[in-house]
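Construct the entire structure; sequences and hints are all you get.
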Amino acid sequence: AVAGCGAGQYSQRLQLLRPKPPSSFVTSHKRGMMARLMLYFAILYDSSAMRVAVTGTTGRLGREAVQILAAKGIETRCLLRHAIDPSVRPSLEKDASSAEVARFLSVLPSVTMVEGDATSEKSCIDLLKGCDAVLALHGPVRPPPLQSLFRRLPEKDPLHSKSVNYEAVKNLINAARKSDTCKRIVRVTGKGEEPYSFFTVLINMLGNMAKAWNYEGEELLRGADDIDYTIVRPGVMTNESIDTSNRYALEDNGQGHLPVTAVTYSQIASLCVDCLDFPNTRRSTLTAMNTKQANAGEASYAPLLAKVRADTKQFPKTLLEQHKLAARRGAIKLTVFGAVFMAGVLSLVKTAFSFLGKISK
Numbered sequence: 048a049v050a051g052c053g054a055g056q057y058s059q060r061l062q063l064l065r066p067k068p069p070s071s072f073v074t075s076h077k078r079g080m081m082a083r084l085m086l087y088f089a090i091l092y093d094s095s096a097m098r099v100a101v102t103g104t105t106g107r108l109g110r111e112a113v114q115i116l117a118a119k120g121i122e123t124r125c126l127l128r129h130a131i132d133p134s135v136r137p138s139l140e141k142d143a144s145s146a147e148v149a150r151f152l153s154v155l156p157s158v159t160m161v162e163g164d165a166t167s168e169k170s171c172i173d174l175l176k177g178c179d180a181v182l183a184l185h186g187p188v189r190p191p192p193l194q195s196l197f198r199r200l201p202e203k204d205p206l207h208s209k210s211v212n213y214e215a216v217k218n219l220i221n222a223a224r225k226s227d228t229c230k231r232i233v234r235v236t237g238k239g240e241e242p243y244s245f246f247t248v249l250i251n252m253l254g255n256m257a258k259a260w261n262y263e264g265e266e267l268l269r270g271a272d273d274i275d276y277t278i279v280r281p282g283v284m285t286n287e288s289i290d291t292s293n294r295y296a297l298e299d300n301g302q303g304h305l306p307v308t309a310v311t312y313s314q315i316a317s318l319c320v321d322c323l324d325f326p327n328t329r330r331s332t333l334t335a336m337n338t339k340q341a342n343a344g345e346a347s348y349a350p351l352l353a354k355v356r357a358d359t360k361q362f363p364k365t366l367l368e369q370h371k372l373a374a375r376r377g378a379i380k381l382t383v384f385g386a387v388f389m390a391g392v393l394s395l396v397k398t399a400f401s402f403l404g405k406i407s408k
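Residues 48 to 408 in my numbering are what the sequence shown spells out, letter by letter.
Hints are computed from structural coordinates only; laboratory data are not their basis. Fair warning: there could be bad hints in the mix.
Unchecked claim - Straight line, CA to CA, 27 Å or less: simulated DSSO-like cross-link-like pairs of lysine-lysine: (1) K203 with K371; (2) K230 with K217; (3) K364 with K238; (4) K238 with K203; (5) K230 with K364; (6) K176 with K141; (7) K119 with K141; (8) K230 with K360; (9) K364 with K217.
As the list claims (entries may be wrong) - Estimated spans, in silico, between C-beta atoms of each pair: (10) D273 with L249: 32 to 40 Å; (11) T228 with T359: 27 to 35 Å; (12) K176 with R376: 41 to 49 Å; (13) A309 with V188: 21 to 29 Å; (14) T359 with D273: 17 to 25 Å; (15) L249 with T365: 19 to 27 Å; (16) A399 with L372: 38 to 46 Å; (17) R376 with S157: 44 to 52 Å; (18) H304 with S145: 30 to 38 Å; (19) V154 with L249: 36 to 44 Å; (20) E368 with D173: 51 to 59 Å; (21) T365 with H304: 21 to 29 Å.
Computed from a prediction, not measured in an experiment: that's the story for all the values here. For each residue, glycine too, the CB sits at the ideal point set by N, CA and C.
Now the structure itself:
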């Protein structure tokens with residue numbers, strides 16, 4: 048038997064060592080000895096001996112990650128804004144409240160809840176005590192569109208995207224630096240290197256500049272030479288049932304060649320956890336999608352992760368001003384469109400009333 052693997056798990060992982068036809072999902076990387084060595088290391092690596100911290104515990108992504116970690120027997124410390132209410136029924140139903148989800152996760156084996164908030168450095172320091180890695184899966188709550196569009200929420204507010212996507216990442220970096228054990232951060236963000244793309248502009252306009260601050264948070268990690276980061280940029284995450292069999296696709300080095308597709312929360316959660324088994328994923332930026340054609344990808348992330356290499360790309364140090372300019376232009380266009388639309392509606396209403404008035408005469 049191999050340390051950290053049951054017989055079935057060992058047999059399944061051993062299949063990954065067998066050569067497969069060439070794949071283009073991690074471009075510029077050659078299959079061969081290095082990839083198989085990484086897979087061999089993952090088999091030998093006993094991840095159950097780790098202790099992992101999680102932020103964004105009750106979110107769609109966080110709850111999936113906590114369940115995966117618990118199933119693997121990995122001791123997990125979960126950050127939670129509010130204390131567990133024992134009177135609340137545990138639930139993972141689609142309409143379950145955060146309190147019900149937290150209650151469910153709190154009784155899983157090897158799971159400890161830590162009360163605090165990622166926007167507080169002290170909370171992050173408490174969370175990382177004795178941990179080997181942290182999965183930073185937190186994200187901002189979707190604000191009312193008009194509140195974001197007219198910038199009614201101050202950037203210093205704990206609910207603002209700057210606080211959640213940027214300041215919280217800074218807090219985790221500082222907490223890791225003060226930790227004797229935790230120097231590994233896996234952070235889930237999104238594609239944000241194209242400030243003027245339609246969806247980026249839309250999300251920034253309606254989400255308190257969420258894309259912009261996500262990218263600035265990425266750059267904090269890349270600039271921290273003493274921290275081993277892995278940045279995951281997923282496709283459109285969903286809970287809907289989609290066909291993922293032999294469709295797993297991955298790019299490293301922050302490349303954006305893969306078409307944007309739907310991916311499940313469970314897929315990305317498993318990717319984040321699996322990254323901890325592959326030391327070669329340290330200081331890398333990964334794009335995770337599904338292939339559009341059936342059987343055109345891999346059955347899991349393991350063979351793709353084995354080929355990942357550290358970032359060599361020169362990422363822009365900041366894109367904040369470009370994001371803000373694009374969002375301002377988008378807001379102006381939206382305002383003009385809205386004004387023209389309303390003028391058209393009023394004109395039609397006026398014409399209709401005029402027509403009805405002539406008929407009545």
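These are the hints, each one checked on the structure:
1. K203 with K371: Holds. K203 to K371 sits at ~17 Å (cutoff 27 Å).
2. K230 with K217: 13 Å, holds
3. K364 with K238: 15 Å, holds
4. K238 with K203: Answer holds: K238 to K203 is near 24 Å, not above 27 Å.
5. K230 with K364: At roughly 22 Å apart (the allowed maximum being 27 Å), K364 and K230 satisfy the hint.
6. K176 with K141: 32 Å, violated
7. K119 with K141: 24 Å, holds
8. K230 with K360: Status holds; Cα separation ~22 Å.
9. K364 with K217: Status holds; Cα separation ~15 Å.
10. D273 with L249: 32 to 40 Å: 36 Å, holds
11. T228 with T359: 27 to 35 Å: The hint (27 to 35 Å, Cβ to Cβ) holds, given that T228 and T359 are roughly 28 Å apart.
12. K176 with R376: 41 to 49 Å: 46 Å, holds
13. A309 with V188: 21 to 29 Å: 22 Å, holds
14. T359 with D273: 17 to 25 Å: 19 Å, holds
15. L249 with T365: 19 to 27 Å: 21 Å, holds
16. A399 with L372: 38 to 46 Å: Given a distance of about 41 Å, which is inside 38 to 46 Å, the answer is holds.
17. R376 with S157: 44 to 52 Å: 49 Å, holds
18. H304 with S145: 30 to 38 Å: 37 Å, holds
19. V154 with L249: 36 to 44 Å: Roughly 40 Å apart at Cβ, these two residues keep to the hinted range, so it holds.
20. E368 with D173: 51 to 59 Å: Given a distance of about 35 Å, which is not inside 51 to 59 Å, the answer is violated.
21. T365 with H304: 21 to 29 Å: Holds: the Cβ-Cβ distance is about 24 Å, inside 21 to 29 Å.
Of the hints listed earlier, those the structure fails to meet are numbers 6, 20, in rising order.
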